[in-house]
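Residues per chain are reported as follows:
There are 2 protein chains.
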Amino acid sequence: MTQRKQVTLRDLAKHLNINTSTVSRALSEKSHGMISPDVVKRVRQAATDMGYKQNAAAYALKVGSTKTIGMIIPDLMNPVFPPIIRGIQSVLDQYGYTAFLAYSQNNERAAHTEVEKLISRGVDGIIYAAAFRKDSVVDLCKREGVPLVLVNRVVDQGDVDTVKVDDSLGIRMAVDHLLDLNHRNIGFIAGPKDISVSHIRLRAFTQTMAEHNLKVPPHRIVEAHALSETGGEEAMSLFLRKNPDATAVIASNDLIALGCLTALSQFGYACPKRMSVIGFNNMPYLDWFATPLTTVSIPHFQMGERSADLLLKRIKSDNADFHEEVLLKPKLVIRKSTAPLARNKKKKQAAQDISSG
Amino acid sequence: MTQRKQVTLRDLAKHLNINTSTVSRALSEKSHGMISPDVVKRVRQAATDMGYKQNAAAYALKVGSTKTIGMIIPDLMNPVFPPIIRGIQSVLDQYGYTAFLAYSQNNERAAHTEVEKLISRGVDGIIYAAAFRKDSVVDLCKREGVPLVLVNRVVDQGDVDTVKVDDSLGIRMAVDHLLDLNHRNIGFIAGPKDISVSHIRLRAFTQTMAEHNLKVPPHRIVEAHALSETGGEEAMSLFLRKNPDATAVIASNDLIALGCLTALSQFGYACPKRMSVIGFNNMPYLDWFATPLTTVSIPHFQMGERSADLLLKRIKSDNADFHEEVLLKPKLVIRKSTAPLARNKKKKQAAQDISSG
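Top to bottom, those sequences are chains C and D. Counted the way the numbering used here counts, the first sequence spans residues 7 to 363. Counted the way the numbering used here counts, the second sequence spans residues 7 to 363.
Since the hints were made in silico from the structure, they are not lab data. Misleading hints may appear alongside valid ones.
No more than 25 Å apart at the CA atoms, straight line, and that leaves these computed lysine to any residue pairs for SDA-like [said to hold, decoys possible]:
(1) C/Lys148 - D/Gly57
(2) D/Lys123 - C/Gly57
(3) C/Lys342 - D/Thr297
(4) D/Lys335 - D/Glu217
(5) C/Lys342 - D/Trp294
(6) D/Lys123 - C/Thr72
(7) C/Lys342 - D/Thr268
(8) D/Lys342 - C/Asp293
(9) D/Lys123 - C/Leu82
(10) D/Lys148 - C/Met56
(11) C/Lys337 - D/Trp294
(12) D/Lys342 - C/Phe295
(13) D/Lys123 - C/Met56
(14) C/Lys342 - D/Pro298
(15) D/Lys221 - D/Pro346
(16) C/Lys123 - D/Ser71
(17) C/Lys279 - D/Phe295
(18) C/Lys73 - D/Val13
(19) C/Lys342 - C/Leu185
(20) C/Lys73 - D/Gln111
(21) D/Lys342 - C/Tyr275
(22) C/Lys322 - D/Lys123
(23) C/Lys73 - D/Ser71
(24) C/Lys322 - D/Phe106
(25) C/Lys20 - D/Ser126
(26) D/Lys123 - C/Asp55
(27) C/Lys148 - D/Gln51
(28) D/Lys123 - C/Ile321
(29) D/Lys73 - C/Gly57
(30) D/Lys123 - C/Ala52
(31) D/Lys279 - C/Thr297
(32) D/Lys73 - C/Asp99
Take these sequences, add in the hints, and give me the full structure.
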């Protein structure tokens, strides 16, 4: 281990031949008024000359704040998380906070372990972008009295500060867009249902369809094993075998939607000619894609900013009587993976409607 | 501020009616052998029952290690950095280290400030993926005795542990590929020259061309103001005005290459038919792009892993007598943004070669 010859308060006191407590007060913004300006000046000059630096660990023990926070996300390789993190840090930077980064790998147990580690490091608060619907991390933070803000996901427990996007509205926009394009046989490739966003998006899909008097038979919904490309590819292959009459699908997120495109090309189906596809998230660089994905855009950077704002507020004054929920609006970005239902299909479908009606 | 009722060693001692130092020894893996097994058992049971947790700040003060490291990257929005970070953390996780994440925004002053902050937080070491050719961060870490590993970039100072890719070899592969496709009028869209990778890649380009007896006139090289899409777009517009006869360009990184594609389409030039383009980095999702980019692939995840290995080694035993440099091999990934020189152009060029020869 490298030896750092750290200059201590005691070193300064010895050098100046005064008490350590005097040195401490002279260097403190709070209490230097208690000592003569002349001494303050001498101490501060010596501190600069000798390269004294306040030790963060000593400071933390004294004031009970480390000016650090922990960020926990599922996985940095999912392109929606970098802008959320940047948003969080753009706010933290202004207040002198530094952030730890840790991962849940979409595994509640792993998240719990990471949060325990962060708490033992004395973080002032935690921003958690990985919550499961029922999540022990929430109880852990409550028990330990550590401020917690959830971002992008919600938990069944309630009573937690949350920054989220109106997922239901986003799915409603996606369904309405497909209905405007005359699609009726619409499927949904869901994410794992223990992840809150998957659950909420799927529910919004069946509800919106129901409001338009469109029944969603069970085979129209396939659950992917993960919010990933391979998850989407597998689920879409199954979906296509079960649903030869479907003309559009909504995917629970963009990575699943990309998997859907892969499955479509394996089946020799063109997108959007044979099948329209909508994603969720508006991941970066979609405009560059060979099939630019129509998707629900969520304000990632802003979500990060708002969650950091909320956490700092909570760190400053914890009032357990109420909790805040920030709800941000999504937007539908229409690109080229969705198209009007082809005329011959419409006719065929009308015929089916009559025969089955 | 939330009050955490942290159980202290003193609380345990009081509860058990023994000395604090006995409690401390009983809980220590090093010194519990000094006390009777019976007491050790009682203390540990009480610690569990009362929810005692070792305070990280107290631990840090005692052993002089925080088991934290700092990672500094230019910007998380550049898609090459997430996999590097994941690689770093995959190694750190195994050794119980937690990582701070900070940004330089490609600004040396900002990096310096962040490193100072991290040092005051007592990090055991720093991984710095943002170095400038002449970088004060290197001197700062040396002065403070903080182990430092550079990843992806190098500095002129030397004497620093470094994990990098053989950039020169990567550029050589790119040039050879274009020569194989019969291109001769090849340009280079460089990054800012105070960034080491930009400098090294540009130098490798002119050297490789020279080895093939191809002179590179100054107008064939344009420097982008940043390693970004807009930097590439502006530089490529300028390049195209100056070089109507060019048939291929190599860009200093993928983002610049994407900017080149934008400029080409603004000029109504098709890629690769009118102009071949090669990038550097192999950012994620390129296979999905409408013009899938030929690029030099670098092993990002592995770079992260190796730099964490090197840092941990250095933290364990600092020997200033030698420094390690890990050099990883790049690979050329040929996609569809490069194509053989069109036959009529070849003829035209042959005619030019004769007339000028």
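Evaluation of the provided hints:
For the suggested pair C/Lys148 and D/Gly57, the alpha carbons sit about 14 Å apart, so the restraint of at most 25 Å is met. Among the hinted pairs, D/Lys123 with C/Gly57 is consistent with the structure: their alpha-carbon atoms are about 15 Å apart, no more than 25 Å. A C-alpha spacing of about 16 Å is found between C/Lys342 and D/Thr297, which places the hinted pair at or below 25 Å, so the restraint holds. For the proposed pair D/Lys335 and D/Glu217, the alpha carbon gap of about 21 Å is at most 25 Å, so the pair holds.
Restraint check for C/Lys342 and D/Trp294: the C-alpha separation of about 14 Å stays at or below 25 Å, so the hint holds. With a C-alpha separation of about 12 Å, the suggested pairing of D/Lys123 with C/Thr72 holds against the 25 Å cut-off. The hinted pair formed by C/Lys342 and D/Thr268 meets the criterion: a straight-line CA distance of about 19 Å does not exceed 25 Å. As the CA atoms of D/Lys342 and C/Asp293 are separated by approximately 18 Å, the hinted pair is consistent with the 25 Å bound.
Simply put, D/Lys123 and C/Leu82 have alpha-carbon atoms about 24 Å apart, close enough for the 25 Å limit, and the pair holds. Proximity of D/Lys148 to C/Met56 is assessed by CA-CA distance (about 17 Å); at most 25 Å being required, the pair is judged to hold. A C-alpha spacing of about 23 Å is found between C/Lys337 and D/Trp294, which places the hinted pair at or below 25 Å, so the restraint holds. For the proposed pair D/Lys342 and C/Phe295, the alpha carbon gap of about 13 Å is at most 25 Å, so the pair holds.
For the proposed pair D/Lys123 and C/Met56, the alpha carbon gap of about 18 Å is at most 25 Å, so the pair holds. Taking the CA atoms of C/Lys342 and D/Pro298, the gap is near 18 Å; set against the 25 Å cutoff, the hint holds. Under the criterion of a C-alpha separation no larger than 25 Å, the hint pairing D/Lys221 with D/Pro346 is consistent with the structure, at around 21 Å. Annotation: proposed proximity of C/Lys123 to D/Ser71 holds, straight-line Cα distance about 15 Å (limit 25 Å).
For the hint pairing C/Lys279 with D/Phe295, the CA-to-CA distance comes to about 19 Å; that is within 25 Å, so the pair holds. Between C/Lys73 and D/Val13 the alpha-carbon distance is near 21 Å, which keeps this suggested pair within the 25 Å criterion. For the hint linking C/Lys342 to C/Leu185, the alpha-carbon distance of about 16 Å falls within 25 Å, and the restraint holds. A hinted pair counts as satisfied when its Cα atoms are at most 25 Å apart, and C/Lys73 with D/Gln111 qualifies at roughly 22 Å.
This hinted pair checks out: D/Lys342 and C/Tyr275 have alpha carbons roughly 23 Å apart, not beyond 25 Å. Distance hint between C/Lys322 and D/Lys123 is fulfilled; the C-alpha atoms sit about 22 Å from each other, no more than 25 Å. The hinted pair formed by C/Lys73 and D/Ser71 meets the criterion: a straight-line CA distance of about 18 Å does not exceed 25 Å. This hinted pair checks out: C/Lys322 and D/Phe106 have alpha carbons roughly 22 Å apart, not beyond 25 Å.
The hinted pair formed by C/Lys20 and D/Ser126 meets the criterion: a straight-line CA distance of about 23 Å does not exceed 25 Å. Between D/Lys123 and C/Asp55, the direct Cα distance comes to roughly 19 Å. Compliance with the 25 Å bound is thereby established for this hinted pair. Simply put, C/Lys148 and D/Gln51 have alpha-carbon atoms about 24 Å apart, close enough for the 25 Å limit, and the pair holds. For the hint pairing D/Lys123 with C/Ile321, the CA-to-CA distance comes to about 21 Å; that is within 25 Å, so the pair holds.
Under the criterion of a C-alpha separation no larger than 25 Å, the hint pairing D/Lys73 with C/Gly57 is consistent with the structure, at around 24 Å. At most 25 Å may separate the alpha-carbon atoms for a hinted pair to count; D/Lys123 and C/Ala52 meet this at roughly 21 Å. Restraint check for D/Lys279 and C/Thr297: satisfied, since their Cα atoms lie roughly 21 Å apart, inside the 25 Å limit. For the hint linking D/Lys73 to C/Asp99, the alpha-carbon distance of about 22 Å falls within 25 Å, and the restraint holds.
Consistency with the previously given hints is maintained throughout, with no hint failing.
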